[in-house]
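Heads up: the protein sequence lines correspond to chains A and B, in order.
Numbering (the numbering used here) for the first sequence: 71 to 665.
Numbering (the numbering used here) for the second sequence: 71 to 665.
It is possible that part of the hints are untrue.
Claimed, not checked - Capping the alpha-carbon separation at 16 Å, the derived lysine to aspartate or glutamate pairs in EDC-like fashion look like this:
| id | chain 1 | residue 1 | chain 2 | residue 2 |
| --- | --- | --- | --- | --- |
| 1 | B | K256 | A | E656 |
| 2 | A | K215 | B | E208 |
| 3 | B | K459 | B | E428 |
| 4 | A | K341 | A | E656 |
| 5 | A | K256 | B | E208 |
| 6 | B | K156 | B | D78 |
| 7 | A | K256 | B | D183 |
| 8 | A | K256 | B | D407 |
| 9 | A | K256 | A | D495 |
| 10 | A | K319 | A | D292 |
| 11 | B | K256 | A | E428 |
| 12 | A | K457 | A | D366 |
| 13 | B | K256 | A | D225 |
| 14 | B | K184 | B | E208 |
| 15 | B | K215 | A | E338 |
| 16 | B | K419 | B | D430 |
These are calculated hints, taken from the structure and not from any lab test.
In case you want the letters, here they are:
2 protein chains.
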Amino acid sequence: MRSQYCGDVNKSHVGQEVTLVGWVNRSRDLGGVVFLDLRDREGIIQVVYDPDLPEVFDVASSLRSEFCVQIKGVVSARPDSQINDKMRTGEIEILGKELTILNSSAPLPINMDKNQHNTEEQRLKYRYLDLRRPEMAERIIFRAKVTSVVRRFLDGNGFLDIETPILTKATPEGARDYLVPSRTYKGQFFALPQSPQLFKQLLMMSGFDRYYQIVKCFRDEDLRADRQPEFTQIDIETSFMSSAQVMDKTEEMMRSLFKELLDVDLGEFPKMTFAEAMRRFGSDKPDLRNPLELIDVADLLTDVDFKVFQGPATDPEGRVAVLCIPGGAKLSRKQLDQYAKYATIYGAKGLAWMKVNELDKGLEGIQSPVLKFLNEDVVKALLERTKAKSGDLILFGADKANIVAEAMGALRIKAGEDFDLLKGDWKPLWVVDFPMFEPTSDGGLHAMHHPFTAPSGMTPEQLEADPTAAISDAYDMVLNGCELGGGSVRIHNSEMQTAVFRILGIEEEEANEKFGFLLEALRYGTPPHAGLAFGLDRIVMLMTGASSIRDVMAFPKTTTAACPLTNAPGFANPEQLVELGISVIESEEEKEVSE
Amino acid sequence: MRSQYCGDVNKSHVGQEVTLVGWVNRSRDLGGVVFLDLRDREGIIQVVYDPDLPEVFDVASSLRSEFCVQIKGVVSARPDSQINDKMRTGEIEILGKELTILNSSAPLPINMDKNQHNTEEQRLKYRYLDLRRPEMAERIIFRAKVTSVVRRFLDGNGFLDIETPILTKATPEGARDYLVPSRTYKGQFFALPQSPQLFKQLLMMSGFDRYYQIVKCFRDEDLRADRQPEFTQIDIETSFMSSAQVMDKTEEMMRSLFKELLDVDLGEFPKMTFAEAMRRFGSDKPDLRNPLELIDVADLLTDVDFKVFQGPATDPEGRVAVLCIPGGAKLSRKQLDQYAKYATIYGAKGLAWMKVNELDKGLEGIQSPVLKFLNEDVVKALLERTKAKSGDLILFGADKANIVAEAMGALRIKAGEDFDLLKGDWKPLWVVDFPMFEPTSDGGLHAMHHPFTAPSGMTPEQLEADPTAAISDAYDMVLNGCELGGGSVRIHNSEMQTAVFRILGIEEEEANEKFGFLLEALRYGTPPHAGLAFGLDRIVMLMTGASSIRDVMAFPKTTTAACPLTNAPGFANPEQLVELGISVIESEEEKEVSE
Chain A
71 MRSQYCGDVN KSHVGQEVTL VGWVNRSRDL GGVVFLDLRD REGIIQVVYD PDLPEVFDVA
131 SSLRSEFCVQ IKGVVSARPD SQINDKMRTG EIEILGKELT ILNSSAPLPI NMDKNQHNTE
191 EQRLKYRYLD LRRPEMAERI IFRAKVTSVV RRFLDGNGFL DIETPILTKA TPEGARDYLV
251 PSRTYKGQFF ALPQSPQLFK QLLMMSGFDR YYQIVKCFRD EDLRADRQPE FTQIDIETSF
311 MSSAQVMDKT EEMMRSLFKE LLDVDLGEFP KMTFAEAMRR FGSDKPDLRN PLELIDVADL
371 LTDVDFKVFQ GPATDPEGRV AVLCIPGGAK LSRKQLDQYA KYATIYGAKG LAWMKVNELD
431 KGLEGIQSPV LKFLNEDVVK ALLERTKAKS GDLILFGADK ANIVAEAMGA LRIKAGEDFD
491 LLKGDWKPLW VVDFPMFEPT SDGGLHAMHH PFTAPSGMTP EQLEADPTAA ISDAYDMVLN
551 GCELGGGSVR IHNSEMQTAV FRILGIEEEE ANEKFGFLLE ALRYGTPPHA GLAFGLDRIV
611 MLMTGASSIR DVMAFPKTTT AACPLTNAPG FANPEQLVEL GISVIESEEE KEVSE
Chain B
71 MRSQYCGDVN KSHVGQEVTL VGWVNRSRDL GGVVFLDLRD REGIIQVVYD PDLPEVFDVA
131 SSLRSEFCVQ IKGVVSARPD SQINDKMRTG EIEILGKELT ILNSSAPLPI NMDKNQHNTE
191 EQRLKYRYLD LRRPEMAERI IFRAKVTSVV RRFLDGNGFL DIETPILTKA TPEGARDYLV
251 PSRTYKGQFF ALPQSPQLFK QLLMMSGFDR YYQIVKCFRD EDLRADRQPE FTQIDIETSF
311 MSSAQVMDKT EEMMRSLFKE LLDVDLGEFP KMTFAEAMRR FGSDKPDLRN PLELIDVADL
371 LTDVDFKVFQ GPATDPEGRV AVLCIPGGAK LSRKQLDQYA KYATIYGAKG LAWMKVNELD
431 KGLEGIQSPV LKFLNEDVVK ALLERTKAKS GDLILFGADK ANIVAEAMGA LRIKAGEDFD
491 LLKGDWKPLW VVDFPMFEPT SDGGLHAMHH PFTAPSGMTP EQLEADPTAA ISDAYDMVLN
551 GCELGGGSVR IHNSEMQTAV FRILGIEEEE ANEKFGFLLE ALRYGTPPHA GLAFGLDRIV
611 MLMTGASSIR DVMAFPKTTT AACPLTNAPG FANPEQLVEL GISVIESEEE KEVSE
């Protein structure tokens, strides 16, 4: 029905007759000439109808937005004065000869402009219209290109695309599972996978050696702006490869993705230990575009007569660190209060600050509520260590080390944005050498990655002797402060796996009930294996500059996990529930009504 | 950890040192030399250890099946007498120099031979071992190649891979949905999609123009050998393409798939109408390798004094057709009884037969229980029309037309196999021009394809005036008697869609409740669109010659929809059920126990 896409017509076609199909993006009758902007997925082109062909002109005059039409016409160069640099097809236009309305459109229920002010609910209810908007269509098309490039890379590197089940058993990621009642086994449930973690490990045990899958995963969590109940992972697992080799290969994949689709050369990714990332940036996913760093100053403050500083400075679990913000001294008292309030979200009890108004004036040039507690030597040492300049602001974090990292890490990000400090477009890195375990609030231990992660260079006995000292052979790929993906070398023998379950307080019975098949499988010549999973949605979001994960998915859910388009979820047929052996619990209010 | 895959070592590497990893497929100590068959996903290679290196030899002697090992050695040509033509690596062997056990294996719980006699349950419980068997691994690897070739073809033809939701609303395919309780909307449920049908149509309404997805679909059906609760579709939809264009493009895809992976040239696919397929083959998915055809003979039997023939021969809804089976006259009475019994499965009341023992002896040479009802002219006419030869068997089907088609179609397939009549390896075709509707047992109408299929060349008024006469613009791709996929041109305006719902007896309220969003969407410039879905599992099954769909899936379910590996489904945490607002209905027996 067409000779090419609208967006693909260019100057080389001048003089040719083309047939195009698409939607009326805009149609204006300007002084007896109809200018029709015709849109398809590849772009927009201008078609001009003049009254010389009265029948066609009449049809053209009758067009309204989003009519679906077919046009025939001749490509013509625009006069220089009318060339539109902002359009891919801006150098040409079509002199319309024929026009067929393939389908008309009722008046639209949402605004189709770039600067639409539709509510999120409206956009999702009329998603098929929202997706016609070029900025949305481009993101979905870009996403298809991402998966295509990734698949080509992995296919070309001997990775096998193998499907794992969606109807499966509760997985161990720790979030809430979606359940699916079984009809054959009444009262029992499948779980939708939070990831194919165990299946991909089983595939390594089967000898497939290099696996990948671009696969839906599910978490029944309370949603935040960047979370969706179903999301997509680029899931990878390999046998006989070290963590360094897995990192190299997947880094190569990411580099080729950015090169091919954005013409960006990401270069070699630096590696940074978790400890260094927390020390310098207060985050395990530091945005390296932000030049601010946390500077440790506890050693300068062990003797000051100010408990807020001196306490953490002398506490083995405490930390005192500062951020020096260039130009920050211009913040008002009110703005500083806002920074303090922001820090408390992350657990800080307050926020001490110091304005370096004029560096060469000594204490005179310094303004700070805590100045009275600090003698001149301490202030001088602080200024030297932070390399503060006149006009800078120093913010203090003093608390338990994890609170300082979190609060100062958050302030670092905020200040980086507020003061427009970010440098460079793309700053990837690997964060490595994570602790195996982190303490839980009830005094136990929690696996920092997941319970199948191998420790670096330890026997099961050594691990059990001092679990909190163990470093895992895990790695996260971070870009611009976002975790793109993470993975680890996996445990490949049952003694180590059993030891880890024991350290995590998973009783033998529970371990067997939940992971018995894995422990059994580990007994039959399991190869050393390692892998990683990337969040596809987040990668596409970053690469397209979208502000929400919903803008890179064709049919996302609302933040209450509903679909306004199809009205899912919905009530079930009562007979089907009986077949499934379940019933809906009447809520108290409903009971009252029915009484 | 390796220099190459085991299967990739060949004569060109003779003299080189290689490092390989894999599993002990077999290890034998023959007269003081250990022959180790080492296996990885690409093949098996022989490694030889002699006692010259006593330490290595001792390790080699200790190997048991399925140990995971790393070896180093030098590639050596085998003496001519020891060349093994059946192995890819049969011309060479490795002289082992080093040997590291990466992981040992406990004695195996299943038999790993090619001719294993493990039960299906055992194979699924130890799937990770079952998948190590080369014939299983090869099928899974082949499947990955199929998806890779298909994706490359579709990517190269401008199709966009777009993901549609798994948590969605009940879909209209008519099978039972899997339900997922919503936590946010207690008492409500998502359904897992039986296909992305409506979403792909919505994507056409969004202007994406060419869509594909290799996607999981779900049906909670009672399972048969070739059904699984979750299966995979190659799902395709296009805008602005006619049914002929969709068929051409997807036929090209299938041709390139067979060419690239099997080096088979499928040639151009013939097109056959549904009516012709039913008339000649008694099936809408005829296996064209089978030369047998149903031959209509009602006109010869309108006057015979035998109600069983004469009734259907004169009934406008009846049909009398025969199959002439070359060499079939040798069947014993007992075998003929089995054929008759087989026909009754498909609704036939019995099966009349006629043995053509000696054609040139007239009625003398004919043997048949119904011979007494037929005069010589009728018999002669039957023999002429069927072109029967001495030794042939004629089977009669006389009943309502649909029963004759089904029963004789089934006998055609059975006879084709029993008498080894199949010719050629691959016989594809398109079946087209299906009826829009078929009658239901309660006197209503059912959509033969699905309710979104467009009729060929009819207005909504014409369709409603005589729905049973309507032919749909639908098409099925059939290969060797299997439906590989099917699709149709879709309805793209709401008047036609509403008319079809009305014909199907879907009340306005129900239509709005279930498909209101589709009817609404059809109002805003919906483009003409058409599509198709292929069953990936079945394609892989055919191409690999697997006898069960389970043998082309990594982790299938049993015929009771369970997973013996993970023990899914399982009991849920009671608190989670409360959160979901559902409860398990106690069965009568359980109630008694708890009382």
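*asked:* Can you confirm whether the C-alpha distance between A/K319 and A/D292 stays at or below 16 Å?
replied: violated (34 Å)
*16 Å Cα cutoff - pair A/K457, A/D366*: holds (13 Å)
*Given the hint that B/K156 pairs with B/D78, test it: the Cα-Cα distance must not exceed 16 Å.*
holds (15 Å)
*Given pair status - B/E208, A/K215, alpha carbons within 16 Å*: With a Cα-Cα distance of about 29 Å, the restraint between A/K215 and B/E208 is violated, given a limit of 16 Å.
*Under the criterion that the straight-line Cα-Cα distance not exceed 16 Å, is the pair A/K256, B/E208 satisfied?*
violated (36 Å)
*Straight-line Cα separation of B/K459 and B/E428 no greater than 16 Å?*
OK: B/K459 and B/E428 at ~8 Å, within 16 Å.
*For the pair supplied as a hint, B/K256 and A/E428, confirm whether the alpha-carbon distance does not exceed 16 Å.*
violated (62 Å)
*Are B/K256 and A/D225 close enough, with their CA atoms no more than 16 Å apart?*
Violated, at about 43 Å.
*Hint consistency between A/K256 and B/D407 [alpha-carbon to alpha-carbon, up to 16 Å]*: violated (42 Å)
*Given pair status - A/E338, B/K215, alpha carbons within 16 Å*: Status violated; Cα separation ~31 Å.
*Hinted pair B/K184 and B/E208, Cα distance within 16 Å*: With a Cα-Cα distance of about 13 Å, the restraint between B/K184 and B/E208 holds, given a limit of 16 Å.
*asked:* Next pair to validate is B/K419 with B/D430; report whether the Cα-Cα distance is within 16 Å.
replied: Violated - the C-alpha atoms of B/D430 and B/K419 are around 32 Å apart, more than 16 Å.
Comparing the model with each numbered hint stated earlier shows that hints 2, 4, 5, 7, 8, 9, 10, 11, 13, 15, 16 do not hold.
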